[in-house]
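Asker: In case you want the letters, here they are:
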Amino acid sequence: MEEAKEGFEPKIIGFTCNWCTYAGADLAGTSRKKYPPNIRIIRLMCSGRLDPMFVLKVLLNGADGVFIGGCHPGECHYIKGNFYARRRIAALRTILKQFGLDDRVRSEWISASEGDKFARVMKEMAEDIKKLGPNPMRDKIL
Amino acid sequence: MGIAIIGGGVAGITAALDLADSGFKVYLIEKNAELGGKMAELAECKTGLSPKIVEIENHPNIELLLSSELESLSGSAGEFKLNVSGNEIEAESVVLAPGYDVFDEIPKSYAIANPDVVTSLEFEGMLRSATASETGELLRPSDGKRVKKIGFIQCIGSRCQENEICSTACCAYTAKEAWEVKERYPDMDVCVFYMDIRVFGKDEELAAELKDKYGVKYIRSRVPEVIPENGALSVKFENLEKGTIDKLDLDMVVLAVGLLPSKTLSRLAEITGVKTDKYGYIETSITNPLETNVEGLFACGTATAPMKVRESVAQASGAALKAALLSERTEMIPGQEERKYVEAGEEPKIGVFICGCEGEVRDCVDIPAVAERVSQLKDGVFVNSETNTMEEAMEAIESGIVDQGLNRIVFAGYTPRKYEDTVRDRCAKAGLNPYLMEMVNLREQCAWVHEPKEATESAAGLIAMAVERARYLEEIPVERYPVIPKALVIGGGVSGMNAALGIADAGYEVYLVEKEPELGGSLREEIGLQSGEKSSDVLTEFVDKVSSNERINVYTNAKVEDVTGRAGSFKAKIAGEGANEDIDFGACIIATGTDESVPEGYYGYGKDKNVVTQPEFGKMLGGTLSANTVVMIQDVGPDGGVNPKYGSIELMNNVLKAKEKNPDLNVFVLYQDIKTYGKWEVLYKEAREKGVIFLRYDKDKPPKYEDGIVSVHDVILNDEIQIKPDLLVLSTPAMPAEENERLSKMFKIPLKNGFFLEAQERPKMKLTPVDTVNEGVFICGSAVYPALIDECIAMSSAAASRACVLLAKDFLETPAVTSVVDELICSGCGVCVDMCPVEAIELTEEPVPVVTFGVATVIGGTKRIAKVNDGCMGCGSCASYCPSGAMSLKHFRDKQVYAQLDYAV
Amino acid sequence: MKGTELKQEDLEGLFKGLLDKKAVDCLVLPHKVGNNVAYMLVKDGDKIESPAASAIFAPSFGVNAANIVKGWTIPERVGIVAKPCEIRAAIELIKLKQMDKESVLLISADCSGAFTNQDYADHAGEIGDWVDSAKINELKGKGIAIREACAICENRLADVGDIIIERVDGGKVLVAGITDMGDEALSSTELSLEDKDVERQAEKEKIAADAKKEKEELPKMSSVEELEEFLRDCIACKNCRDMCPVCYCKECFFEQPLGKPVGGDLLNLAELRSAIGVPTNQLLYHLTRIYHVCTTCVGCGACEDACPKDIPLTRLYPLIAKKVQEIFEYVPGEDAEEPLPFITYEEEELEDKLR
Ligand SMILES: Cc1cc2nc3c(=O)[nH]c(=O)nc-3n(C[C@H](O)[C@H](O)[C@H](O)COP(=O)(O)OP(=O)(O)OC[C@H]3O[C@@H](n4cnc5c(N)ncnc54)[C@H](O)[C@@H]3O)c2cc1C
Ligand code: SF4
Ligand code: SF4
Ligand code: SF4
Ligand code: SF4
Ligand code: FES
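Protein chains in written order, with the working numbering: chain S, 1 to 142; chain F, 1001 to 1905; chain E, 2001 to 2355.
Everything labelled a hint here was simulated from the structure, so no lab data went into it.
A couple of the hints might just be wrong.
Taking beta-carbon pairs under 8 Å as the criterion, some of the chain S residues facing chain E (in silico) [as the list claims (entries may be wrong)]: (1) Phe8; (2) Thr30; (3) Leu56; (4) Gly74; (5) Arg87; (6) Ile89; (7) Leu92; (8) Thr94; (9) Ser107; (10) Glu108; (11) Lys131; (12) Leu132; (13) Pro134; (14) Arg138; (15) Ile141.
All values reported here derive from a predicted model rather than from experimental measurement.
In this text, a Cβ means the ideal position worked out from N, Cα and C, and glycines have one as well.
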């Protein structure tokens, strides 16, 4: 079991808003801030477009982690998108908690100027999920 | 001909883009080999600026002259001839934006030779490389040890003998640097040595947060010396709170150096004949802050006075407009060409274009391997991995569309955030609907952040996801609507009047709406301005110009109601006495100014006739002044306002005038921070020289006024002082205009503390000070933040300029990425309606006949269905709520995201 | 609150009065069908059977009455006499505009906790028209237990809607209007109303405490594998959704191609993942449905009753929904004016729930 965890490279899906977190990821790039390659970013215009079903779906598909990034509260390009997103994510994680999946989902507010925060969060997430091990739904017939 | 811009810093870049985007030929002249100026050296700013630089480099209307300098200028307005490093250029007008240089004659006493003492500009560089380093730690230059204690010393090279004025920007940038340090290294000890904190608005909040939340020690002090002592730096300082001389040991010291006029400025002045003031800045006046003494030559940014980016950018836009008025529009406006789209067809033919990005991607990602994997994908895709530059890639894409009939494009290379518009435009040019294109960010998300093997893996994965998404992309009709070449200006103060004049001079019709019976706003109060002019003179000049301008329709006693529409095509009603008119317009400028606050009940104001406000005192100075002793208290009065930028300056101005009238007058000023920023610092100096006594009080121990006696706890003497004034003068906060709340709702522009919030505050870039989140609506003057007249004028010219960029277009495109409802599925719950941040969804009600079985009465029910209107900005919040998926956001439909998700794992 | 005490047998008169005086145009009311209890929609007051009270208070749950009036968007007003959870569901549906507030008169009656419709019909004689906690325990000893949803229900006393019907000692009921609409309706029936104290704080607290204890005792899942096991028998018939009052979609996501792939879409999915379970998206359906009802679920247990495979869905839906409702400090069905949690927000909140 422990061994399996050793060589385990988690698959993390990231949903980021276009205006802040995606830009933050770009800044991490421009400043050549290295971070683990586990993340695959999907760009949404706003964290408000994050339908919790996306997260449920991709977790059932076997993703080991899901990252959600948006502008800091009060700084959403569309004014309120992330306020609603925050409520949905909180509800979603409360549900996932019942099945021990909440720790696989993490959301952070990362602005366009927080390239290093983006890289840091990516690093932390990769480590945290490695500790959790693979998503039990991986390779299940669903 | 065209317009020449000298200086490729943020001001020059802004002016160039405003002009080029509205169809003027621009020559941008920069003496360095790269654009960006000082801003490119700032850690955080670089990324904000780089998209603009890319835009400039690709702009058909801009001719870029790098490593070039102006050698001579001849001719006059409308027909200048410039010699730029040997090239002859003809221009109708010239904008001077040569920027600043930082103070570099740092006295030896600050131990500048010690590697651990750095200037703030050097520190920005250190922060940037710390971020990029493996550990991310901030290391001491001398020995590579982690920095644990750091100190910032403000006002180096400002407010001193060498440079008597205040550099305006240092307080704010120091706060920003301290914040960055604390965010990254929460355990680091940070202290700031300062005399006054001269920040306003957001920066004021930041400074307060630094003290309260981040535990940064702000020490009010004067620092004569930094002494390197056994491996540490000992900062010797005069503590202005306690009146003691103290020492503090630190690992590192950052000197917040001041701004000086650019070193090239004196030569520029010589060549052009432009006059400079005694500090070496280009001379302008408070009513013409962008004009130089030479007709046709305009100035902006830190060449006219020390200022921050936000103000520089505003001035630049304003100067662009002024320059445009003298010039002929000769070029095409980008994006206005007619486009014809081919039918994309049902069967996707996907082309994947992988670009080497000038080696940036090719050197890290194994592109052939990626291409090989991509070509294995289901249903076969066409792969091109040969290109190495943006231009090559674009040509390949165009030929793929035209020659091979590709109808879905995946472009893997650069970040979509900067290049998406360009790629979309090229697809459109080749006849493919631009929304059939998807980008993959190989440079920022793979090559620059991962090792080659991982980057290659990641690249292949991301492309596979994009290909699946591309299969489900849909054509989104690109619709155009004509731009109405008229503008609405709300508020008839200086800002509103100046904006209206700018737009009218550019040739567009303007509706100017003022709620009071007369134009003028705050200027109708008789104020003796800091320049010596009277407000009434300034006012008369503006009102005359406005009323004689036939393109400006003035409505007084009137208000704007029922605004609908979007940038380029708004509708509204002007309602008021004698007016009830429906208007349409393409752009709007909000310039509602401030309301005066009445400190009713503070220090007996309203009851005791010897207690007056600062403006009332100003008016008294018009007559005779009988008082012998005057006490002034700053920061008094009702909550809900903000500390106006003119507060301390108005006070100094009045103090000096009073002293002139009565040199024996005793004046005591009780203050917390004296904010005579920029050149106004000299007023403060003069006041002190004239014997005015400044006593600082603590926020928690405000002065008292009882039985005609003011008592205050002076922090420096640490003792109670009592003064018996003949007159007590209160400086009060500025209140947001009452109308702002209503206008904010109507125009969907958020307020902050009651003032309009610029779009820049959102993704934290300070590059669009007069733009708002609602495209086509601009803000300026004291409606944004209570400011001095010159700033209001520069800003309102900027707003006019931005409006003109919009009005110059014939057509605009309707936003394509918007939400749509599937009417058959919508159950009319209306949740999306409540969720939409811009009220773009309505619930329509239709009566439905009831299917009845033999019952005589037919009962009508109601069917509710959501409808999305023109206002939709495309955030997708509604779509994410709607449980059945009746609402979807085009381009981000469930199936499009699901396709990515299915291939993500 | 304005109200009046009536003898239980006078309730028929009250309902008839509401109809006769046009306070409502029709009435959804439980009535006895043999041993069982079912709802009827009454237009003519003379059809109201007596004793009405015995059907109203009978501890039997068949269908959630709110589900019956879902889609009531006509001007004619319907009155609904039902258990608190049903009235709460109706209030959530008003917020979701699935019925017009002005067109429904909501009358909640005290509930003792109910048996499933079948259990009730099978043991009607033993159970009777009302059970108290002693009786519930006694029956439990005999293997006749109230529904799990009822055992963990914290809100079974009538306190929502426009009118409440409380049981009071001496075979009486207290009828009171708790909204203007309720007051008006009651006044129209010519009852003489006086100020009444309708709060039963101590009793409510006790019920809530007992319910919480019961809830603690329910088996819990802790992993997604356990969820898989829990849903092993699910045949994706979606009865649970159809009987749920607060699942309100005209066409459920899981009837659309993405939610319920058929033919080529199904094959594609199988190709992508080598093999897929069919019927598809079973887990996704339930997880999504929990999310879709997490703020509005009133814990009525209709889903569980509806399941042909006897999956104890109370442990899935109400139990988890309650946890979500707690983070928003939201109790569904309290007040039609209170906004749904997903359309409001505080500028600073929930940061500890995000990571
Ligand atoms: C007490 C005081 C002292 C000052 N001293 C100095 C000084 O010494 N030096 C200096 O440089 N500056 C000074 N200023 C600042 C200077 O006067 C202002 O910054 C400048 O006048 C602001 O111009 P504005 O056009 O932005 O706003 P305003 O002059 O306030 O003009 C706004 C106009 O909009 C109108 N309006 C508001 N809402 C609506 C609406 N909904 N529809 C239509 N019209 C509307 C208002 O009635 C007003 O006419 C002082 C300001 C004050 C208040
Ligand atoms: S689109 Fe969806 S959320 Fe909006 S009213 Fe219709 S069903 Fe409700
Ligand atoms: S989910 Fe079940 S318990 Fe909840 S409201 Fe729906 S049917 Fe009732
Ligand atoms: S499960 Fe979701 S989509 Fe389906 S009916 Fe219920 S709320 Fe609507
Ligand atoms: S009613 Fe039962 S079997 Fe049917 S979908 Fe719901 S849980 Fe599955
Ligand atoms: S745009 Fe970033 S969260 Fe809304």
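Asker: Hint by hint, say whether it matches the structure.
Answerer: Results of checking the hints against the structure:
1. Phe8: The hint is violated - Phe8/S has no Cβ within 8 Å of chain E, the shortest such distance being about 18 Å.
2. Thr30: violated, 26 Å
3. Leu56: holds, 5 Å
4. Gly74: Status holds, d = 6 Å.
5. Arg87: Check passed: Cβ of Arg87/S comes within 6 Å of chain E, closer than 8 Å.
6. Ile89: Status holds, d = 6 Å.
7. Leu92: holds, 6 Å
8. Thr94: At 5 Å from the nearest chain E Cβ, Thr94/S passes the 8 Å test, so the hint holds.
9. Ser107: holds, 5 Å
10. Glu108: Because about 7 Å separates Glu108/S from the closest Cβ in chain E, which is inside the 8 Å limit, the hint holds.
11. Lys131: violated, 15 Å
12. Leu132: At about 12 Å, which exceeds the 8 Å cut-off, the nearest Cβ of chain E leaves the hint on Leu132/S violated.
13. Pro134: violated, 12 Å
14. Arg138: Check failed: Cβ of Arg138/S comes no nearer than 11 Å to chain E, outside 8 Å.
15. Ile141: holds, 5 Å
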